[in-house]
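S.K.: Quick note, the sequences are listed as chains P and F, same order.
Residue 186 in this note's numbering sits at position 184 of the first sequence; the count goes up by one each step and never skips.
Residue 21 in this note's numbering sits at position 19 of the second sequence; the count goes up by one each step and never skips.
Since the hints were derived computationally from the structure, they do not count as laboratory data.
Any given hint could be a false lead.
Which copy is meant is left open, so a pair is good if it fits within one copy or across any two.
List of simulated lysine to aspartate or glutamate pairs, EDC-like, C-alpha gap at most 16 Å [unchecked claim]: (1) Lys303 / Glu39; (2) Lys297 / Glu323; (3) Lys231 / Glu211; (4) Lys83 / Glu96; (5) Lys267 / Glu132; (6) Lys83 / Glu119; (7) Lys267 / Glu131; (8) Lys83 / Asp279.
Nothing here was measured: the structure is a model prediction, and the numbers come from that model.
There are 2 protein chains.
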Amino acid sequence: MRSLLVLLLLASAALAADPLPSWNDTATKQAIITFVEKVTTEGSPDFVPPAERIATFDNDGTLWAEQPMYFQAFFIFDRIKALAPKHPEWKDTEPFASVLKGDLKSALAGGEHALIEMAMATHAGTTTEEFEKIVADWIATARHPKTGRLLTEMVYQPMLELLAYLRANGFKTFIVSGGGIEFMRVFAEEVYGVPPEQIIGSSIKTRFEIRDGRPVLVRLPELNFIDDKAGKPVGIQMHIGRRPVAAFGNSDGDLQMLQWTAAGKGTRFCLYVHHTDAEREWAYDRESSIGRLDKGLDEAKARGWTVVDMKRDWRRVFAFEGQ
Amino acid sequence: MRSLLVLLLLASAALAADPLPSWNDTATKQAIITFVEKVTTEGSPDFVPPAERIATFDNDGTLWAEQPMYFQAFFIFDRIKALAPKHPEWKDTEPFASVLKGDLKSALAGGEHALIEMAMATHAGTTTEEFEKIVADWIATARHPKTGRLLTEMVYQPMLELLAYLRANGFKTFIVSGGGIEFMRVFAEEVYGVPPEQIIGSSIKTRFEIRDGRPVLVRLPELNFIDDKAGKPVGIQMHIGRRPVAAFGNSDGDLQMLQWTAAGKGTRFCLYVHHTDAEREWAYDRESSIGRLDKGLDEAKARGWTVVDMKRDWRRVFAFEGQ
Chain P
3 MRSLLVLLLL ASAALAADPL PSWNDTATKQ AIITFVEKVT TEGSPDFVPP AERIATFDND
63 GTLWAEQPMY FQAFFIFDRI KALAPKHPEW KDTEPFASVL KGDLKSALAG GEHALIEMAM
123 ATHAGTTTEE FEKIVADWIA TARHPKTGRL LTEMVYQPML ELLAYLRANG FKTFIVSGGG
183 IEFMRVFAEE VYGVPPEQII GSSIKTRFEI RDGRPVLVRL PELNFIDDKA GKPVGIQMHI
243 GRRPVAAFGN SDGDLQMLQW TAAGKGTRFC LYVHHTDAER EWAYDRESSI GRLDKGLDEA
303 KARGWTVVDM KRDWRRVFAF EGQ
Chain F
3 MRSLLVLLLL ASAALAADPL PSWNDTATKQ AIITFVEKVT TEGSPDFVPP AERIATFDND
63 GTLWAEQPMY FQAFFIFDRI KALAPKHPEW KDTEPFASVL KGDLKSALAG GEHALIEMAM
123 ATHAGTTTEE FEKIVADWIA TARHPKTGRL LTEMVYQPML ELLAYLRANG FKTFIVSGGG
183 IEFMRVFAEE VYGVPPEQII GSSIKTRFEI RDGRPVLVRL PELNFIDDKA GKPVGIQMHI
243 GRRPVAAFGN SDGDLQMLQW TAAGKGTRFC LYVHHTDAER EWAYDRESSI GRLDKGLDEA
303 KARGWTVVDM KRDWRRVFAF EGQ
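Using the sequences plus the hints, can you model the full thing?
M.R.: This is the structure in structure tokens:
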């Protein structure tokens, strides 16, 4: 009881301060705050009951960086190297042979098909518990090739503040990503404050088995669900069963999630993070092979969705930049 | 702020009273309370942090009745009758023809295959929003053939108290049922206090489409997932990503969920509802075609799981029995 009161007092103190200190005082920040105040003001025509305050966030390029390639691809490559002694055939089989030679460009030349093949070879064949440990061990030390920072430090400070601000206002925050659901779950609670049951992602099938008298879930080399593009509203309905009130993305892969969110009744909020800061982060949009934002940018303009201009709107990008 | 304080005071008053008034003071009730107190006492070796307090409940036969047949089957039959004018061929096609003649026994003679065929014919072909409205309209008036009560009154009062008791102690309560996920979501929040994002069930596939400029999710006549037996731990991992601390079921279809729960580290709680009360409810177990409890009963005894003897342990079964 006492600790709840303390929490309430702390919460009210936090609300009095600027909830989004890493956002510059631009129209973007104001649009976020205006939306949150509208939907949380009782008696307002835009009021949304707490149970319906669902906010969905893409991960790659929206909550953490995705250049020079999706971070999960680094995991895949490292796993191929680690598993290579058990797979002597990989030396002569693409795309594995290129990975083992360190030629990542050739490894990825096969496009989505090659990536899925490598994902299967590295994400299946373990139990769910074993896989969780493999990811946890890897992410604890995996560093970004350009910044040298831990990958878990490559998260956008303004977006962490936004997640916390929404939660302080009664929102349930979900991640809805093309990335692997079990990959993200390992670090999302600690890094983003999003618990495993609020992570939606791509997945492979699992099978329940009793092994040596102990039940396990075995990860199978068979696709279950691709949580990208038109898959995102499907994943949202499957896991949440309620249409988001707010959705946040950065690429054409998020467009259908934003369309689905915007089409709900009443006030909705759709936001695109536009990567415009080549100095502090990266600048890319319509022509990028990773995180392409083309149709989405047009639709955001046509529909009046909020677009973050990273260079203009974010006072800092990463926490490690300092104050 | 003020309303939160009032809520806190109400909550503490409620905790002081008996949280399970519809349970007789038997060893079963004591086992539940002992478990909850152990895992919520800070400093106890059995303490479970709030984020990990996941409790999963089967629905049919565990939270509401399932005799003389699964309530969703009544929905299927009523939908077949409602859709019959658009399907003249059903008059001569089994199992539809038997349903239209009112011969439900023959309709179900085809077993699971016939049931899935009828489920597809009645659950697909609409958008998710249309389907939600169809179920909502139906469940608002659907009554039980024996008691004449609304189906939503056929819920077990002791289990409603148990759900609330667990939530008051920081548990997140989930439903994990072989029933249709979108069928249950329509009433589970109001009836059980379980929001749509905490419902796990069987499902058909959906497809995202833009229709007349408006995005919709179309329900397809294609199985997506059967959330029963060995599917239950798979569904739990997919949706929750965390092993339950407590699991509640009533049939062999729940056995794998209980096994998966019991095999976690630390204190876990597994409970079977045993239907032993032919007078107030129904009495069935090893030989029943619906909700068979055979292997599960043996395993519960062997492992020391808690078994509710409905006749002995429940002071009342349904709220409509009165005090």
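S.K.: Determine for every hint whether it applies to the structure shown.
M.R.: Tested hints:
Taking the shortest Cα distances, Lys303 and Glu39 never come within 16 Å of each other, neither inside one copy (23 Å) nor across copies (55 Å). Neither within a single protomer nor between protomers do Lys297 and Glu323 lie at most 16 Å apart by alpha-carbon distance, with minima of 32 Å and 60 Å respectively. For the homomeric pair Lys231 and Glu211, the shortest alpha-carbon distance between copies (11 Å) is at most 16 Å, but the shortest distance inside one copy (33 Å) is not. In this assembly of identical chains, Lys83 and Glu96 lie within 16 Å of each other by CA distance solely inside one copy; the values are 14 Å within and 56 Å between copies.
Proximity of Lys267 and Glu132 under a CA criterion of 16 Å is satisfied inter-copy only: 15 Å between copies versus 43 Å inside one chain copy. Taking the closest pair of Cα atoms, Lys83 and Glu119 come within 16 Å of each other only inside a single copy of the chain (15 Å); across copies the shortest separation is 47 Å, beyond that limit. For a Cα distance limit of 16 Å, the shortest separation of Lys267 from Glu131 across copies, 12 Å, qualifies, whereas the shortest one inside one copy, 41 Å, does not. Within a single copy, Lys83 and Asp279 get their C-alpha atoms no closer than 33 Å, and across copies no closer than 61 Å, so neither meets the 16 Å cut-off.
Hints 1, 2, 8, counting from the list given before, are not met by this structure.
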